[in-house]
Each structure stands twice: as structure tokens, then as C-alpha cells.
Amino acid sequence: MKGLIQRVKHAKVEVNSESVGAIDQGILLLLGVEATDTRESADKLLHKVLHYRIFSDEKGKMNLNVQQAGSGLLVVSQFTLVADTAKGLRPSFSRGATPQQAEELYEYFLQQAEMKTDAEFAVAGGQFAADMQVSLCNDGPVTFLLES
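The sequence shown: position 45 = 119 (this note's numbering), numbered continuously.
Check the hints yourself; a few may be wrong.
As the list claims (entries may be wrong) - Straight-line alpha carbon distances no greater than 30 Å define the calculated DSSO-like cross-link-like pairs of lysine-lysine that follow:
id	residue 1	residue 2
1	K161	K83
2	K135	K122
3	K83	K118
As the list claims (entries may be wrong) - Between beta-carbon pairs, the in silico distance windows are:
id	residue 1	residue 2	range
4	E194	K135	20 to 26 Å
5	S209	E188	18 to 24 Å
6	R164	V216	27 to 33 Å
7	C211	G162	33 to 39 Å
8	D205	R164	16 to 22 Å
9	T112	S166	18 to 24 Å
10	G144	Q175	32 to 38 Å
11	S93	R113	24 to 30 Å
12	H121	Q175	38 to 44 Å
13	E177	P215	25 to 31 Å
The set of hints was computed from the structure by calculation and includes no laboratory data.
Please read these numbers as outputs of a predicted model, since none were measured by experiment.
Note that CB positions come from ideal geometry on N, CA and C, so glycine has one too.
Take the sequences, apply the hints, and build the full model.
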């Protein structure tokens with residue numbers, strides 16, 4: 075499982091010009107699910123996302139995680155993250171999970187994110203397998219590729 079996290083000032087995802095998920099300051103997570111991924115993979119990546127220290131403390135040092143910063147998490151499914159780009163000029167998606175497996179793990183990830191954070195923490199998601207428009211304001215920019 076791969077997660078591309080971006081620290082954002084705000085982010086939202088729309089489907090057919092309607093907002094389906096939005097956050098203010100926080101993390102936009104583009105989530106890619108591979109064929110070998112399990113719920114354990116999702117749990118490991120979620121732990122890393124929620125505890126990765128990419129927000130500045132009072133001294134300006136990246137020392138706070140998304141929860142400590144009082145921020146939110148917007149999760150968007152992104153199957154192209156797991157593409158094999160090593161050969162040729164066209165990506166191969168053979169490493170990717172089946173749509174059914176990917177959707178189950180995406181929904182599980184969102185559910186666990188809501189369960190493992192307090193009520194004030196905003197958790198939002200996109201719409202699985204939809205043609206989405208994602209808009210964001212990068213903060214930094216600060217971007218990391220995390221894997222479980």
C-alpha cells in the first residue's frame with residue numbers, strides 16, 4: 075500500500091461539480107492499493123499517516139503530527155500510485171488490487187481513520203472509482219511517499 079501525503083492549507087474533492095469531501099489545514103492522502111495489500115497493510119500505513127511529524131511546532135521545526143496540529147485528513151483513492159513504470163512508455167497496473175479488493179481496503183482505511191481519531195478531527199474521503207477533481211493549496215510544499 076502506498077500513500078502520497080501532502081501537507082495542505084485546505085483541500086477538497088468533487089464529483090460532477092459537487093463536493094464529496096473537504097478539509098481545512100491537514101493532510102491530503104492519495105492512497106494506492108496493491109494486490110498484496112491486506113487490512114494489516116492499511117493499519118500500518120494509517121498509523122504512519124496519523125503519527126508522521128510534518129507540522130511545525132512553536133520553534134518552526136517539523137515536530138507535530140496531524141492530530142497534534144489539530145488538522146484533518148482527506149483520503150482519495152489513487153490506483154495510478156501503484157503503477158509499474160520501470161519499462162516502456164506506458165504504465166502497467168498489474169500490481170494493483172482488483173477494484174473490489176481496493177474498494178474494501180479504501181473503505182476500511184477510512185473507517186479506521188475515523189475510529190482512531192477524536193471527534194474534532196476531520197476525516198473525509200473521495201468517492202471510490204469516480205472521476206474526481208481534487209483541489210488543494212500545498213503548504214510548503216511538504217510531500218512524502220509512505221509505504222506499508
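### Query
Which numbered hints turn out to be false for this structure?
1 and 12
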